[in-house]
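Since the structure of chain U is already known, use the hints to place chains D and C on it.
Chains as they are written, first to last, in this note's numbering: chain U, 1 to 222; chain D, 223 to 521; chain C, 522 to 1113.
Hints in this document: simulated from the structure, not taken from any laboratory.
One thing to keep in mind: the hints can contain errors.
[Stated by the list, open to error] Examples of chain U residues lying across from chain D (beta carbon under 8 Å, computed):
1) Glu8
2) Leu9
3) Tyr35
4) Pro36
5) Gly94
6) Gln98
7) Ala101
8) Asp104
9) Leu119
10) Asp124
11) Asp126
12) Glu176
13) Gly178
14) Phe200
15) Ala209
Positions of the beta carbon are idealized from the N, C-alpha and C atoms, including for glycine.
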Amino acid sequence: MIKLYDYELSGNCYKLRLLMNMLGVDYEAVPVDFYPGREHKSDWFLKINPLGQLPVLVDDGVVLRDAQAILVYLAAKYDPSGNWYPVDDPAKLGDISQWLAFADGITSTASAARLHEGLFYDFDIDACRAGAHRLFRILDEHLWFAEKQDRDWICPGAHPTIADIACFPYVILSEEGGISRQDYPAIRRWCDRVKRIQGFIVMSGVFPAGPAGGRLNALSAA
Amino acid sequence: MTGCTDPTILNLWFAIGAEQETTPCIVSDTVLLEEDLSFTLDRVGQPLVWRRDARWPAGSVIDTSDVSVTLPVKQAYGYIWTCLGQPSADIFPIEEYDEPDRRNLNAASIGVNVSGPRAIENFLDMGHFPYVHTDILGVQPHTEVKEYDVEISESRDEIVATRCRFFQPMASTASTGGADVEYVYRVPHPYCSVLYKSSGQNPQRMDVIALFLQPVNQERVRAHMLLSMLDEANDERVMRRFQQTIFGQDKPILENQYPKKLPLDPRAETPIRADKSAVAYRRWLSSKGVTYGVIPAAN
Amino acid sequence: MGNTMLEAAQHQWHPIASSEELEYRHTFHGQLLGREFAVWRADDGNVNVWENRCLHRGVRLSIGINDGTELTCQYHGWRYANRTAGCTYIPAHPADSPARTICNRTYPAVERYGLVWSGEAPQGDPPGVALLDGTDVLSLRPIPVNADLETVHRQLTAYVFQPNEGLDGAKAAVSVETSGDLSIGLSSVSGDCKTQAVFFLQPVDSDRTVIRGVLAGMPAHKAQLDVLHHHNERLSALRERCEAEASQLPQPEKLQPVIQPVSEELAGMPEQSTSGRNADLRVKIARKWSTAEGIAGFELVSIDGQLPTFQPGAHIDVHLPNGLVRQYSVTNGPGETQSYKIGVKREPDSAGGSQCLHDDVREGDVLAISEPRNNFPLRRDAVKTLLIAGGIGVTPILSMAQALYHTGLDFELHYFAQDDSHLAFPDILETLGDSLHTHLGLDPEETEQCLEGLLADYQPAMHLYVCGPGPMLETTRHTADRLGWPDQAVHFEYFKNTHEIDDSTSFEIALSRSVMTLQVPAGTTIMDVLRDNGVSVPSSCEQGACGTCVATVLEGEPDHQDVYLSETEKKRGDRIMTCVSRSKSARLVLDI
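Chain U extracted, bound-state conformation (with noise of 0.2 Å):
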């Protein structure tokens, strides 16, 4: 079974259990003491990741860190469909990646500034929030414009990829680092969307979407 070493609070964690929910893999996860533990700084995990950092997945022998570097594994080795990382389509690829580099970006300003936020990180907090807000308004601007071609999603294509998995999280948590979404009109729909995608989880912090039509089945599901 795949293990993930993860830290519920986490965004980059979450990446992996939304993919892994959506994909409907079985996984084990091993909790991680992040805070107040900074268990990903102790002996046994610099062993698993030298830079002490979450998440890492173990599956089958392999060992791996950085939430991009694994939804690329995981949507490449359990994704017979191939939608979510179309392995065959080079300049599909090329694209996905950069928006994965582009989740990097996310992670360091909006993600810092949550981290500033709520776990008193001693980052600069003003230049964390505006990194993000700069990287939002291209995001927006992007989406807007995907709509404008009846696109949903970030890369073109009538299903979602990775790239959108990469970028949900740190935005939809954006607002705990006080980084506010009210001019990204564009990304809050897209947001509505990802929230509708079959087999989609929330984590603390993100609150469900309403039925996108017809009868609500939530209840009779849960």
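For chains D and C alone, kept in the frame of chain U given last:
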């Protein structure tokens, strides 16, 4: 110089950090009531707190005997407490903390952009369990808040809510189905609350979860959480994860409340019977003349 | 922004969103002059602009769930209806119907030029914009700018863009056609090509402004995207200039919108609302049709403003031209707040209420009705709900079924009728899918057998709602009782009280709150005595069926003659229907 001029609040003890998260002789910075403070533990584990001083920046190693002007301090429930005004002799009691078979731990200290009183009110609230803590503390359609009792205990000047029951989907690790779980709530301090919850492991006794709020300013708090559990099975990691999950779910609700300060005017919001304890809390704050972190009623 | 300009802006219409931004089942987060809005489009197309706070604890409704008919707060699941913003359900108290005056603050909404217009207290209709009238329009991507209105206004007057057909042509000459405080009309000419555009300025706060541009004339489909990109680039560059300029100015103080207090009545713990047998509303019959054999459907629309919020199970009093007053249940589904739909069965032996509606009342006629009152509230905390309807008793049940269906709760509707042609509101029934079960042409014995099967499997937290003719109701209640259904799980509504009322007793009533002692002589009701002494009592059917005139009994033993209270409630003796019930003891103390 402080932004807080509310004497009731200034004279209170506030938790400002967990002892376990404080390294002796290393300076930690924090903010209480808009005042910049530093604190640490000395070599024998005694806390000291002082108004921030450029000579001893955060993270620096300090000889604690150099700090001559300090603020009042206490150690209680695993946390370091201080006061900016004239403190009372004692911090409110949590008798259960000293029971030998309890596991006491600091679950987390998390920053939330909301006033302390809003966070206390949320802590006292059961109606949101099925919506905010879905499948953990509650589940639809079991949404009813049954009648419960609230009183302001004259002897101890605190609010006590008893006979609180709420349907919980996984009432205990021992049971597979849902059942009503019993709660008792205390508000012994305008910025602190203690809840007692029937223990899965020992039906005669109750787990204790306490919330100690450190007001950074009127619209921002650091929420310190104490767990005092009868749980023998789970390791601390699991207990902390549970508490942080719950609090992480409350956080975006709290940060989306407007206004962030708690309005004490009865006509500011719409109470229902389930809000009896919140109504009592608002009245209690009014009767104490609290102004910090609240919007006082007009008259 | 200057103070006078700000004040003026409060009385003006402003664009607050693009129509296309109100995506299906989405909740848009808007703001104008410092006040935040939750903006959402219901499935019927109606745009709701509400204050962005749940009345309960102030949580933003822009994070709430738009289910197409109602907006649900994320904190405690309070539901607010499309249009009225009235609260229809408070999950913490599933057995109660929320006081209908719990109503969120709403703002007007008008869609024009591809934009949604609203305002704090706008006067009249949104003003027409000559440049955009009589032509197709294209909304540009809205550009939020971190700068004050004046800075953005100044920059916009110097905005340069190419006409639609000449994006790559010679640099256009742009002239200002119209200029107001909140909008600028520009005209761009390059060679033979010309495009006119209007840029509306939405003052979000003292330091934030949204530019909402609208082009007069629709470019060819293929060129649209290029035109949109062109303006997006130019306006983004303009934004940079505005923000650079604004960053040099002193930070203006944020606008502080006033939050209106809730009504006095809502400030305390809610009690049942009190109003007399009033006919406060005037409605027009928009549609009258035959919905089944002997059953006429009526659709009632308001002639002056919004109809009040209803909840499933609610009824209205209809004041008929012949002076009679009759109660009819609202059959509407959640969020259907533009009209009330009722069903009226022709009762040949009636005093003339139904006949009057069937024969004399026509489409276009105006009737007086009461506000909806809910004495048959629907709990939504059941693990499963059984709805049982007989004949015209289906009307309140239809509203309940739609609410349960819409929220995904487990329920079954069992509808007993003579035959297919007697099934009322087939259009609604059709939407209920597998939850609907019809039982046609059963005689009383077969009906009882059928009910026995339906009620056989009681589980805790199940609830039963039944409405239909008296004998069927009695059978259902007795069967449920026999099969172990607790009294509090069985909810019923009688059309009328067929019991003979014995009003031969006389007794004394003491009103504990008003400190009054009154005599109730034989032949007079408690209600009459109260009203004669200036005590207002809400009422509706006045025959012990609807439950509106309930009073709390503090002392004494009531002589119950109504069909509203359950046996347990009657035994408990703490409530009384003042329209028909009396006293067994010499004295009753009422909490009035």
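Hold the hint about Gly94(U) up to the distance rule: shortest CB distance to chain D must be less than 8 Å.
violated, 35 Å
Hint check, Ala101(U) versus chain D [nearest Cβ-Cβ separation less than 8 Å]
Since the shortest Cβ distance to chain D is 28 Å, the answer is violated.
Would you settle whether the hint for Asp126(U) is holds or violated, based on the nearest Cβ-Cβ distance to chain D being less than 8 Å?
For Asp126(U), the interface hint is violated, since the closest Cβ of chain D sits about 16 Å away, which is over 8 Å.
Would the hint on Glu8(U) be counted as holding, given a Cβ-Cβ threshold of 8 Å to chain D?
holds, 5 Å
Interface hint for Gly178(U), Cβ within 8 Å of any Cβ on chain D:
holds, 7 Å
Next item in the hint list is Asp124(U). Is there a CB on chain D closer than 8 Å to its CB?
At 15 Å from the nearest chain D Cβ, Asp124(U) fails the 8 Å test, so the hint is violated.
Holds or violated: is the Cβ of Pro36(U) closer than 8 Å to a Cβ in chain D?
Holds, because the Cβ-Cβ distance from Pro36(U) to chain D comes to roughly 5 Å (cut-off 8 Å).
Chain D contact restraint for Tyr35(U) - C-beta distance below 8 Å
With a minimum Cβ separation of about 6 Å from chain D (threshold 8 Å), the hint on Tyr35(U) holds.
Closer than 8 Å between Cβ atoms is the bar; does Asp104(U) clear it against chain D? Give me holds or violated.
violated, 23 Å
Per the CB criterion, is Glu176(U) less than 8 Å away from chain D?
Holds, about 7 Å.
Should the hint that Leu9(U) touches chain D count as held when the rule is a Cβ pair under 8 Å?
holds, 5 Å
With a cut-off of 8 Å on the beta carbons, see whether Phe200(U) makes it to chain D.
violated, 14 Å
In summary, the numbered hints that this structure violates are 5, 6, 7, 8, 10, 11, 14 and 15.
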